[in-house]
Amino acid sequence: MMLADFHVHSNFSDGKLTIPAVIDLYGQRGFGAIAITDHVGESRTVIGKAAGHLGLCLTPATFPLYLEILKSEAERAWDQYRMVVIPGVELSKNSISNHRSAHILALGVSEYLSADGDVAEIAQAIREHGAVSIAAHPVDSGKFEKQTYHLWNRRNELENAFDAWEVASGDRLFPEVLQSRLPKIASSDLHIARHMTSWKTILECERHPEAILDAIRKQEVQFRFYRDKNYEQSHLHHRRDIESLLEHQYLHPNSWNLGQYQA
Amino acid sequence: MDSDLEENLKSFFQLDYPSYEILFSLANHEDPAYAIVKKLLESHPQVAAKLIVSPVVLGPNPKVNNMVRAYEQANNDLILISDSNIRVTSDYLKRFSKQMKDKRVGMITAVILGYQAKGIGGQLEAIFLNTFYTRWMRVLFFVGRPCVVGKSMMFRRSVARRFGGMNALARYLAEDYMAGEAIRRLGLKVVLAEEPVKQYIGNLKLSDFWARHIRWGRIRKSQVFLAFLAEPFLGSVLSGVLGAISFYSLINTSIILFFVFHMLFWFLLDLPLLLKSENPKFSTLVWGWFLREFLALPLWLNIAVGNSVNWRGRKLYLQPGGLLATEV
Chain A
8 MMLADFHVHS NFSDGKLTIP AVIDLYGQRG FGAIAITDHV GESRTVIGKA AGHLGLCLTP
68 ATFPLYLEIL KSEAERAWDQ YRMVVIPGVE LSKNSISNHR SAHILALGVS EYLSADGDVA
128 EIAQAIREHG AVSIAAHPVD SGKFEKQTYH LWNRRNELEN AFDAWEVASG DRLFPEVLQS
188 RLPKIASSDL HIARHMTSWK TILECERHPE AILDAIRKQE VQFRFYRDKN YEQSHLHHRR
248 DIESLLEHQY LHPNSWNLGQ YQA
Chain B
6 MDSDLEENLK SFFQLDYPSY EILFSLANHE DPAYAIVKKL LESHPQVAAK LIVSPVVLGP
66 NPKVNNMVRA YEQANNDLIL ISDSNIRVTS DYLKRFSKQM KDKRVGMITA VILGYQAKGI
126 GGQLEAIFLN TFYTRWMRVL FFVGRPCVVG KSMMFRRSVA RRFGGMNALA RYLAEDYMAG
186 EAIRRLGLKV VLAEEPVKQY IGNLKLSDFW ARHIRWGRIR KSQVFLAFLA EPFLGSVLSG
246 VLGAISFYSL INTSIILFFV FHMLFWFLLD LPLLLKSENP KFSTLVWGWF LREFLALPLW
306 LNIAVGNSVN WRGRKLYLQP GGLLATEV
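Sequence order for the protein chains is A and B.
Under this note's numbering, the first residue of the first sequence carries the number 8, and numbering increases by one thereafter.
Under this note's numbering, the first residue of the second sequence carries the number 6, and numbering increases by one thereafter.
These are computed hints drawn from the structure, not numbers from a lab.
Being a predicted model, the structure only gives us computed values, none of them experimental.
Wrong hints could be hidden among the right ones.
[What the hints assert, rightly or not] Covered stretches of chain B, going by a simulated chain A footprint (3 or more residues, C-beta under 8 Å):
(1) 35-49
(2) 175-184
(3) 187-195
For every residue, glycine included, the Cβ atom is placed at its ideal position computed from N, Cα and C.
For reference, chain A alone in the conformation it holds in the complex (with noise of 0.2 Å):
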């Protein structure tokens, strides 16, 4: 059984640690996988423009040190903790609309993939690239944020688009996306160590990029609350949260209790 998270930012966007510094953050913690998913913003917008020129995205010429620097930490990663780490993007369609606004995360990149384009191509351009394509805090996150609403206003079309989508966001849970058929994900989407206290995917497969990509579609994946001493977050909603999980199965009944992980 490992820990995993899949939704991590990084100061080459708007996350506030080096990449060093969130390696350090999960390994010291045991996780097993992680994946760095730096937001790419669109080329065309206005919006997507600036967030290029202000270094709160990757653009065509960071992305290439981003990924470097993603593959020699991840043999530190590895050979200092034992956890994996996946390279990642979290493609990010931002409008002044909350409705017209998404935000997908690929996992397993190798190349620059852009955000430019419908979110059915997108998702499309994704897998044919090998990666996973997971449909990021798709309902209202309860945080003063952000919000984009597109994917699921889009839900029904883009049932098959996507690998999983979140099922938790933080320290949110989505009774939506939870009640749905869809598949599923639960990620801290990490910008400040802080939010080292969220939810978290929790995987029984090999430790190594392709079993994980591959457990994440086929969908042998569990949630927990990851409570870390260090980062208490002040509005926690997770003894509700619990309950739901365990109704819908995505907690074994026998181990409710570790559905609040604690560091």
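Using the hints provided, position chain B relative to the given structure of chain A.
Relative to chain A, chain B alone:
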């Protein structure tokens, strides 16, 4: 060929440092520097030095292609890259390596001072380096957005390996800036050397100055676009015009008088920097400073209307929003 090349290169043989090696990188045997380097190697057998003429095409950056073999053959972890128009003092390596002892430091770069300038272009270049460039280089470091200038920079090869080393940098035209960016994103500090480094300018025409700044400016435009947009407001002329119009509108001051006093005040602020350099005459500093300030805006406009640069006989196209360059 760079001005005073032999004297510049000779200064690297006279460094006061226990153990170091010098690796000279040339693109081909026809390079006029070849004979000079050979002569220096023969006259300084006590210094471990090598001449490497074996360019590799790793990417569109000719400087990286030129020095990659030397980089691969270097025996030490601590690497100092210096352009051939830099002349150093004997304590240069000691000062740089002292700052690198702090393990949080990933890279050292230096403020460049222009010396021994001749011709109109040369004077303008020296005045640009010793005022506008020096001032904003220090401001950028002060606000935590360091800008590495590859004319003189030191780093560890073991650190560079973490972002892909020279192979990763060859795709950028501003390999120095991107190396600094990679090191900063790794969480290491990029710091300024305690003392500036001298660049010997030599005899330059106005057209040389203009062409060089078109190249520099377009690289800046492609890599830090928002800062480039702000540049005209950081000079004396546009800020003076805007100030004169504003004060005229608010309290009815004379536009011309305000502008004249504004320019004189700005000149007086730059004067201590100008006097630190080795320029020959005060009158040269005065006309040179005013000419450069008035040329800054037309130069910026010329930079703004294009995306290609001429470098070492090649025309390179800077891709919008990024640093990738491809040959036209």
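How the hints compare with the structure:
1. Proximity of the segment 35-49 of chain B to chain A, defined as three or more residues with a beta carbon under 8 Å from a beta carbon of that chain, is not established by the 0 residues found.
2. Interface restraint, the segment 175-184 of chain B with chain A: holds (3 residues with C-beta to C-beta distance below 8 Å; minimum three).
3. Check result for the segment 187-195 of chain B against chain A: holds, 4 residues qualifying (beta carbon to beta carbon below 8 Å, three or more required).
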